[in-house]
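Participant: Fit chain B to the given chain A structure using the hints.
This is what each chain is made of:
There are 2 protein chains.
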Amino acid sequence: MIKLNDINEKIIQAEYAVRGSIVDRAQELERQGRSIIYCNIGNPHTFKQKPLTYVREVLSLLEFPNLLEKQAITNLFHSDSIARAKYIYNQMPGGVGAYTPSAGIGFIREAVAEFIAMRDKIPALPDRILLTDGASKAAQAVIQLLIKSPSYGIMVPVPQYPLYSATLTLLDAKKIDYYLDEANGWQLDLDELEESLAKAKANGITPVAITVINPGNPTGAVLTRENIEMVIDFASRHKLAILADEVYQNNIYGSKSFYSFAKVMHELKVEDVSLFSIYSMSKGYFGECGHRSGYLEVRNIDDEVFAQFVKLQSINLCANTVGQLATYLMVTPPKLGEASYDLYAREKDQILQNLKEKSRVIGDELNKIPGISVSYPEGAMYAFVKLDLPVPAKVDIIPEDEKYCLALLEETGICVVPGSGFGQYPGTLHFRTTFLPPLEEIINLVSRLKKFHIAYQNLG
Amino acid sequence: MIKLNDINEKIIQAEYAVRGSIVDRAQELERQGRSIIYCNIGNPHTFKQKPLTYVREVLSLLEFPNLLEKQAITNLFHSDSIARAKYIYNQMPGGVGAYTPSAGIGFIREAVAEFIAMRDKIPALPDRILLTDGASKAAQAVIQLLIKSPSYGIMVPVPQYPLYSATLTLLDAKKIDYYLDEANGWQLDLDELEESLAKAKANGITPVAITVINPGNPTGAVLTRENIEMVIDFASRHKLAILADEVYQNNIYGSKSFYSFAKVMHELKVEDVSLFSIYSMSKGYFGECGHRSGYLEVRNIDDEVFAQFVKLQSINLCANTVGQLATYLMVTPPKLGEASYDLYAREKDQILQNLKEKSRVIGDELNKIPGISVSYPEGAMYAFVKLDLPVPAKVDIIPEDEKYCLALLEETGICVVPGSGFGQYPGTLHFRTTFLPPLEEIINLVSRLKKFHIAYQNLG
Numbered sequence: 006m007i008k009l010n011d012i013n014e015k016i017i018q019a020e021y022a023v024r025g026s027i028v029d030r031a032q033e034l035e036r037q038g039r040s041i042i043y044c045n046i047g048n049p050h051t052f053k054q055k056p057l058t059y060v061r062e063v064l065s066l067l068e069f070p071n072l073l074e075k076q077a078i079t080n081l082f083h084s085d086s087i088a089r090a091k092y093i094y095n096q097m098p099g100g101v102g103a104y105t106p107s108a109g110i111g112f113i114r115e116a117v118a119e120f121i122a123m124r125d126k127i128p129a130l131p132d133r134i135l136l137t138d139g140a141s142k143a144a145q146a147v148i149q150l151l152i153k154s155p156s157y158g159i160m161v162p163v164p165q166y167p168l169y170s171a172t173l174t175l176l177d178a179k180k181i182d183y184y185l186d187e188a189n190g191w192q193l194d195l196d197e198l199e200e201s202l203a204k205a206k207a208n209g210i211t212p213v214a215i216t217v218i219n220p221g222n223p224t225g226a227v228l229t230r231e232n233i234e235m236v237i238d239f240a241s242r243h244k245l246a247i248l249a250d251e252v253y254q255n256n257i258y259g260s261k262s263f264y265s266f267a268k269v270m271h272e273l274k275v276e277d278v279s280l281f282s283i284y285s286m287s288k289g290y291f292g293e294c295g296h297r298s299g300y301l302e303v304r305n306i307d308d309e310v311f312a313q314f315v316k317l318q319s320i321n322l323c324a325n326t327v328g329q330l331a332t333y334l335m336v337t338p339p340k341l342g343e344a345s346y347d348l349y350a351r352e353k354d355q356i357l358q359n360l361k362e363k364s365r366v367i368g369d370e371l372n373k374i375p376g377i378s379v380s381y382p383e384g385a386m387y388a389f390v391k392l393d394l395p396v397p398a399k400v401d402i403i404p405e406d407e408k409y410c411l412a413l414l415e416e417t418g419i420c421v422v423p424g425s426g427f428g429q430y431p432g433t434l435h436f437r438t439t440f441l442p443p444l445e446e447i448i449n450l451v452s453r454l455k456k457f458h459i460a461y462q463n464l465g
Numbered sequence: 006m007i008k009l010n011d012i013n014e015k016i017i018q019a020e021y022a023v024r025g026s027i028v029d030r031a032q033e034l035e036r037q038g039r040s041i042i043y044c045n046i047g048n049p050h051t052f053k054q055k056p057l058t059y060v061r062e063v064l065s066l067l068e069f070p071n072l073l074e075k076q077a078i079t080n081l082f083h084s085d086s087i088a089r090a091k092y093i094y095n096q097m098p099g100g101v102g103a104y105t106p107s108a109g110i111g112f113i114r115e116a117v118a119e120f121i122a123m124r125d126k127i128p129a130l131p132d133r134i135l136l137t138d139g140a141s142k143a144a145q146a147v148i149q150l151l152i153k154s155p156s157y158g159i160m161v162p163v164p165q166y167p168l169y170s171a172t173l174t175l176l177d178a179k180k181i182d183y184y185l186d187e188a189n190g191w192q193l194d195l196d197e198l199e200e201s202l203a204k205a206k207a208n209g210i211t212p213v214a215i216t217v218i219n220p221g222n223p224t225g226a227v228l229t230r231e232n233i234e235m236v237i238d239f240a241s242r243h244k245l246a247i248l249a250d251e252v253y254q255n256n257i258y259g260s261k262s263f264y265s266f267a268k269v270m271h272e273l274k275v276e277d278v279s280l281f282s283i284y285s286m287s288k289g290y291f292g293e294c295g296h297r298s299g300y301l302e303v304r305n306i307d308d309e310v311f312a313q314f315v316k317l318q319s320i321n322l323c324a325n326t327v328g329q330l331a332t333y334l335m336v337t338p339p340k341l342g343e344a345s346y347d348l349y350a351r352e353k354d355q356i357l358q359n360l361k362e363k364s365r366v367i368g369d370e371l372n373k374i375p376g377i378s379v380s381y382p383e384g385a386m387y388a389f390v391k392l393d394l395p396v397p398a399k400v401d402i403i404p405e406d407e408k409y410c411l412a413l414l415e416e417t418g419i420c421v422v423p424g425s426g427f428g429q430y431p432g433t434l435h436f437r438t439t440f441l442p443p444l445e446e447i448i449n450l451v452s453r454l455k456k457f458h459i460a461y462q463n464l465g
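Protein chains in written order, with my numbering: chain A, 6 to 465; chain B, 6 to 465.
Keep in mind the hints are simulated off the structure, nothing from the lab.
Treat the hints loosely; a few may be bogus.
Chain copies aren't distinguished; within one or between two, either way the pair holds.
As the list claims (entries may be wrong) - With a Cα cut of at most 27 Å, we get these calculated DSS-like pairs of lysine-lysine:
#1 Lys126 <-> Lys261
#2 Lys53 <-> Lys206
#3 Lys268 <-> Lys391
#4 Lys316 <-> Lys126
#5 Lys53 <-> Lys91
#6 Lys153 <-> Lys8
#7 Lys75 <-> Lys268
#8 Lys8 <-> Lys204
#9 Lys180 <-> Lys316
#10 Lys391 <-> Lys261
#11 Lys53 <-> Lys75
#12 Lys8 <-> Lys206
#13 Lys15 <-> Lys91
#14 Lys455 <-> Lys373
#15 Lys153 <-> Lys340
#16 Lys244 <-> Lys8
#17 Lys153 <-> Lys180
#18 Lys75 <-> Lys353
#19 Lys408 <-> Lys316
#20 Lys206 <-> Lys75
#21 Lys353 <-> Lys206
In this text the structure is predicted, and so the values were computed from the model without any measurement.
Excised from the complex, chain A in its bound form (with noise of 0.2 Å):
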């Protein structure tokens, strides 16, 4: 019988503290019969964020093509997506229950390919793009793509999204950590990236890239465009591929706009550092987290090295249709002139504002409680909230803002995720939060938050 000692001990290394132990208390205390707040985790659809009725409309028929044949259907589709349904029900011979080609639908990867060239106003090729099963597995791919020994390393910033260290630590690979400014809301700063490189180089690893999220995750930032030509060059000059999380590039809330890697490099010409950036569905004003869609688009690559992604998603046989529909229908929206045209703009519009006037909230109300302050949230769907309390010299097992965060859980109810979790610069204490709960119930978060704070400060 299989024991814990008989397993591969990177997987137990590996941690995912998005949904680690703090989240499972939480879960056994709802059981218990408490009310709790999760706002650990980026998942809009589950705090009555809508999904867009066209999106949903859509891949309702073509789960169900029968109906494209009634009459009745009139009455309960819009008529563009009727048509949309039947125009692509028409190139997918076996409809979405048939295995794809392993690089995704051939109308999808041009359709994405087009998306990029009309946002960012530059060339994009329909043959470089992948559709995946959510982004997390197109990060994956290029990290194991790019992994070909364990002295190999990929920068990875602190703080980060877990699924990097996590993906690291499962291939054996080395994660170069490179801390984001949080003086100077939280861009990359050269003089760190050239030390941890060079740090990196000391200790005998092998750097081959640089991941960067952008807007951050877990830190809300929007990274300038200057931050983002000083990334590529740094890039250029030290032979690094940059890998680009750009999943929350609709998710922007400040006067900084979003600029993609991808059209940052094509306007400097750079044509010698190789580019993987990745979108999902999962957030912004879709927040279709369940239907694991995504795309990972390459630049500055052989077709002999795209082919190794192609061969690895071979074996996985293909993404899942239905995200992958749902990945067509986030880069086509309707029209202006069709008949969902109104609704889909309103209803986007909704969802971004209640987000924007959730960041203020939170920017705003979080800074007014002595002993916490936040970098104001630009962007993605989080805030690093940084906690002024003493930090013991000698580090407990149980790292100080985690036992803070469960203090937080058991007195209040709210579930956040430790710093630690994400990694924060060495003496101070973090947590991150969603602010997707309703407005409300952020108010009421914040002051709970308050009274619980100034009373964990007495304590220590």
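Facilitator: Same frame as chain A, but now just chain B:
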């Protein structure tokens, strides 16, 4: 810029012939206007195998739950589909757009356990079920868990479905080949298992598990109960886990019944062998490959080991929700008396009857071709066809069976997979064909193959 020699060599080495170079060539010919019969992959819906109406009605309603409020749907959907969709929707806060728990949706794990208990008349536990993106992901997770170091190995049949060889290559683990007994209808042979294991150990390999595919892919064989008992006893004596790939369990055409490893192991009261069984909705009368639905059931394993599976899954968040729901519908068909019952039964019987007829034609007709022989397909969707051709003593870069399959494709438009993609006994030559095309096309295929084979023999 990343070049081929910069990347993970394990990816370059991994091979997945089901979507390999012959398929690429077939697609090239198709683009040039040639008509191709794709017999390379078990993708039923591309051959007009229809999805079950009940399944698609429920999934369609769940994609667009607004429909559940509308009176007009009673004319478009069966009443039990509507009731089922409402029942499911009420248990899914956030609907199909939300992440689920990492191990899968709770009520679906319960339903899977009940299904196993009913199928096998044995106890089954929901908290030993993991819902996955297709059975492939489940198999990969098991292998990843079991491989602790590169000296660890897993026994894999020859011929095998190349998911296993590819995954072991990617994980830098050892594949321990054991030959299936073609002369005995592709059953497992005890002497061969003992010999293969002893040889592996002598080579410094630590064997940890044996993979069994039943019904067989590519063999089309169904294992007898005695054969399964023998394997369990072998695993118990040698302290091996069993990975039972049972995805074709309801593709049964001959007189043999399907016995699950779980059932036989339970009835033998074997409690020291860890068992990992996988199943999916991609095959059988469902054929829902595109939905990437699947589950893993684990037996004789500690809580803390199962928790590592769940953590591994959590790094990818969760399996796609529509696939999870498809699994739910697979294990809970309409009941006698419900509105969809008759249609469901009719659709199911028709598909299975049709596959049975085609397995008979393939078995009967191929054996009539001089120089070709095949074990009568008893299950799955495949025949592994033996070619009586001279094998040169010196192996060419392109294996003989690949030359044959390529010539077959160029001459006749029939796309099959060379035996070397699955492995075969040295000195033998095979190809795998599905019997999914419509009956008249299969009859046509056999006659074209006959003509081709006779000409090919005369050439050689």
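Participant: With reference to the structure, classify each hint as holding or not holding.
Facilitator: Here is how each hint holds up against the structure:
no. : hint              : in the structure
1   : Lys126 <-> Lys261 : within (19 Å within a copy, 62 Å between copies)
2   : Lys53 <-> Lys206  : neither (48 Å within a copy, 57 Å between copies)
3   : Lys268 <-> Lys391 : neither (33 Å within a copy, 54 Å between copies)
4   : Lys316 <-> Lys126 : neither (30 Å within a copy, 41 Å between copies)
5   : Lys53 <-> Lys91   : between (30 Å within a copy, 18 Å between copies)
6   : Lys153 <-> Lys8   : between (30 Å within a copy, 12 Å between copies)
7   : Lys75 <-> Lys268  : neither (45 Å within a copy, 45 Å between copies)
8   : Lys8 <-> Lys204   : between (38 Å within a copy, 25 Å between copies)
9   : Lys180 <-> Lys316 : both (26 Å within a copy, 20 Å between copies)
10  : Lys391 <-> Lys261 : within (22 Å within a copy, 65 Å between copies)
11  : Lys53 <-> Lys75   : between (31 Å within a copy, 21 Å between copies)
12  : Lys8 <-> Lys206   : between (38 Å within a copy, 21 Å between copies)
13  : Lys15 <-> Lys91   : neither (47 Å within a copy, 42 Å between copies)
14  : Lys455 <-> Lys373 : within (9 Å within a copy, 83 Å between copies)
15  : Lys153 <-> Lys340 : neither (45 Å within a copy, 53 Å between copies)
16  : Lys244 <-> Lys8   : between (43 Å within a copy, 12 Å between copies)
17  : Lys153 <-> Lys180 : both (14 Å within a copy, 21 Å between copies)
18  : Lys75 <-> Lys353  : between (29 Å within a copy, 24 Å between copies)
19  : Lys408 <-> Lys316 : between (45 Å within a copy, 22 Å between copies)
20  : Lys206 <-> Lys75  : neither (65 Å within a copy, 64 Å between copies)
21  : Lys353 <-> Lys206 : neither (46 Å within a copy, 61 Å between copies)
In summary, the structure is inconsistent with hints 2, 3, 4, 7, 13, 15, 20, 21 from the numbered list given earlier, while agreeing with the others.
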